[in-house]
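2 protein chains.
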Amino acid sequence: MNRITQLFGIKYPIIQGGMIWCSGWELASAVSNAGGLGLIGAGSMYPEVLRDHIQKCKNATDKPFGVNIPLLYPDIDEHIKTIIDLGVKIVFTSAGSPKKFTPLLKSNGIKVVHVTSNLKFAKKSEESGVDAVVSEGFEAGGHNGREEITTMCLIPNVSNNINIPVIAAGGIGSGKSMLAAMSLGADGVQIGSRFVASVESSAHINFKSEVVKAKEGDTMLSLKQLTAVRLLNNDFYQQVKKAEDRGDSVKELQDLLGRGRSKKGMFEGDVIEGELEIGQVSSMIKEIIPVKKIIDEIILEFNSEKQRINSISF
Amino acid sequence: MNRITQLFGIKYPIIQGGMIWCSGWELASAVSNAGGLGLIGAGSMYPEVLRDHIQKCKNATDKPFGVNIPLLYPDIDEHIKTIIDLGVKIVFTSAGSPKKFTPLLKSNGIKVVHVTSNLKFAKKSEESGVDAVVSEGFEAGGHNGREEITTMCLIPNVSNNINIPVIAAGGIGSGKSMLAAMSLGADGVQIGSRFVASVESSAHINFKSEVVKAKEGDTMLSLKQLTAVRLLNNDFYQQVKKAEDRGDSVKELQDLLGRGRSKKGMFEGDVIEGELEIGQVSSMIKEIIPVKKIIDEIILEFNSEKQRINSISF
Chain Z
392 MNRITQLFGI
402 KYPIIQGGMI
412 WCSGWELASA
422 VSNAGGLGLI
432 GAGSMYPEVL
442 RDHIQKCKNA
452 TDKPFGVNIP
462 LLYPDIDEHI
472 KTIIDLGVKI
482 VFTSAGSPKK
492 FTPLLKSNGI
502 KVVHVTSNLK
512 FAKKSEESGV
522 DAVVSEGFEA
532 GGHNGREEIT
542 TMCLIPNVSN
552 NINIPVIAAG
562 GIGSGKSMLA
572 AMSLGADGVQ
582 IGSRFVASVE
592 SSAHINFKSE
602 VVKAKEGDTM
612 LSLKQLTAVR
622 LLNNDFYQQV
632 KKAEDRGDSV
642 KELQDLLGRG
652 RSKKGMFEGD
662 VIEGELEIGQ
672 VSSMIKEIIP
682 VKKIIDEIIL
692 EFNSEKQRIN
702 SISF
Chain F
392 MNRITQLFGI
402 KYPIIQGGMI
412 WCSGWELASA
422 VSNAGGLGLI
432 GAGSMYPEVL
442 RDHIQKCKNA
452 TDKPFGVNIP
462 LLYPDIDEHI
472 KTIIDLGVKI
482 VFTSAGSPKK
492 FTPLLKSNGI
502 KVVHVTSNLK
512 FAKKSEESGV
522 DAVVSEGFEA
532 GGHNGREEIT
542 TMCLIPNVSN
552 NINIPVIAAG
562 GIGSGKSMLA
572 AMSLGADGVQ
582 IGSRFVASVE
592 SSAHINFKSE
602 VVKAKEGDTM
612 LSLKQLTAVR
622 LLNNDFYQQV
632 KKAEDRGDSV
642 KELQDLLGRG
652 RSKKGMFEGD
662 VIEGELEIGQ
672 VSSMIKEIIP
682 VKKIIDEIIL
692 EFNSEKQRIN
702 SISF
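First to last, the protein sequences are chains Z and F.
Be aware that the first sequence starts at 392, since it is given in this note's numbering, and climbs by one per residue.
Be aware that the second sequence starts at 392, since it is given in this note's numbering, and climbs by one per residue.
No lab work stands behind these hints, which were simulated from the structure alone.
A couple of the hints might just be wrong.
If we take Cβ atoms under 10 Å as the criterion, some of the chain F residues that face chain Z in the derived model are [stated by the list, open to error]:
(1) Asn393
(2) Thr396
(3) Gly400
(4) Ile475
(5) Leu477
(6) Asn509
(7) Val603
(8) Lys604
(9) Val672
(10) Glu696
For each residue, glycine too, the CB sits at the ideal point set by N, CA and C.
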């Protein structure tokens, strides 16, 4: 047992990141059934879609699962209401102040975790009464901190300076990297990209295939003038890069991005014109496999690498 | 024993990064005397200065030490000649092709290590016959890869795909991060920033003090259009940022940088107008202490964290 398995009542301290367009009830329930904590990514769901996914997830697993909500979501009050109504027990919040909803969620018996990318906001999260934080490094996919602090530098700094459990995110997709994250002081890990390329993820097969094909250097933190996001190198990314290199204005970048780019790329499979959000760790993902196999492999490697490390002595 | 302690004949697999203006004979010999591998940073030395430092280092330690040479150094042939003449046994090369000098150095009985920031060049280094590679992540100080691959993602990818020993660099300055790097598959670690803020480093006291004051988010990879370099946030960095934000040309950036900026900042102590190169890990460095204390603390923490990790079981 450790602080994260205890907090959530799960077998392994592996959280599946709640990602837009990729993590519906099928992925979340598969992760929970395999011993981790599955999260439904509510950021890309209309209120009625979220309701449907929560109900289906309940039917698909009797294990704990949660919902991730970006606090900037337009219908945020509706989402919060749905979560409370349907008796969801775990909520991960991101992209906003944890002060706003934490008291309400906690008073409904919900465990709350906030996602941050630096120590400053990890401390603010702790002050606001959350049960744990996710500390997400620069190498992570999706939206990301501007200070570009990597997992290697972020996790020891956060875990040395707050008292609640720390879940490391960014660059983690294997037993080795889970062991590294826990060596740095994390109590558990949040894994996103590896689960995008799982059988159960709702990512379009074209996007999953691009993740498997990705090589080192194929993702780049982009659109820092809007909201920084790590993108997979495709035609759309090249358009963004050109626009940034020639010094386009915020307005011009917003126009280029337009609406629905991420749905187009990640959910509808237009891997040329769509926005593909993925982490640096994608360069090490070589096949699309079921969630249970992913988690079993991670735990197997974690244990064997732990033994290898234990045999080193100076 | 492991592959790195064996290769160099040292006690701990801790290499002190050969840094311009900061790592002369005093730092290198102190590191070697404390059980690591000290490197003289030849990149900021005139040929006669390097000769002097090598001789002084020999007098100060009977342990193995080495020299780091950036291959773009103008008087590179002179430096190579000095190294061979004076019987230096270990050379770390960086910033250039390892093919050019590796055969000559090897034929003189010198162990050669090349510094790279991605798998592609780690493989090329292996093919060129080097004895080991340093794989340096995005969070490292000084000059740095453009692909922005972090230590967390770089080390497993390199160590899974080459056969020679891998030394991890970038974000490492404590026993925890050393343990993490070795969990990721590294055989040893190269530490730069932590040794800048040591008693024995030749960095100006003003620069050392700025390193100790640095907080998270205070360094940023900059000047990507010239040679990417991680800079500490000071007045000069702000000038660079403004120039980059307004889309200045390569020529304008070169003019802004001018000549001797790094000497001015790191060696002469002008922390306003000088260029201060340091890693992200600087936010966790809290005091200027002797090298021996730094290394002893790292090994103590490595061993205690290894025990903690070993007690985790699923």
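Going through the hints against the structure:
1. Asn393: 6 Å, holds
2. Thr396: 8 Å, holds
3. Gly400: Cβ of glycine 400 of chain F sits 14 Å from chain Z, so the hint is violated.
4. Ile475: 32 Å, violated
5. Leu477: Result: violated, 30 Å to nearest chain Z Cβ.
6. Asn509: Holds, because the Cβ-Cβ distance from asparagine 509 of chain F to chain Z comes to roughly 6 Å (cut-off 10 Å).
7. Val603: Violated, about 15 Å.
8. Lys604: 15 Å, violated
9. Val672: For valine 672 of chain F, the interface hint holds, since the closest Cβ of chain Z sits about 6 Å away, which is under 10 Å.
10. Glu696: Constraint on glutamate 696 of chain F satisfied, holds at 6 Å.
Of the numbered hints given earlier, the model fails hints 3, 4, 5, 7 and 8; all others are met.
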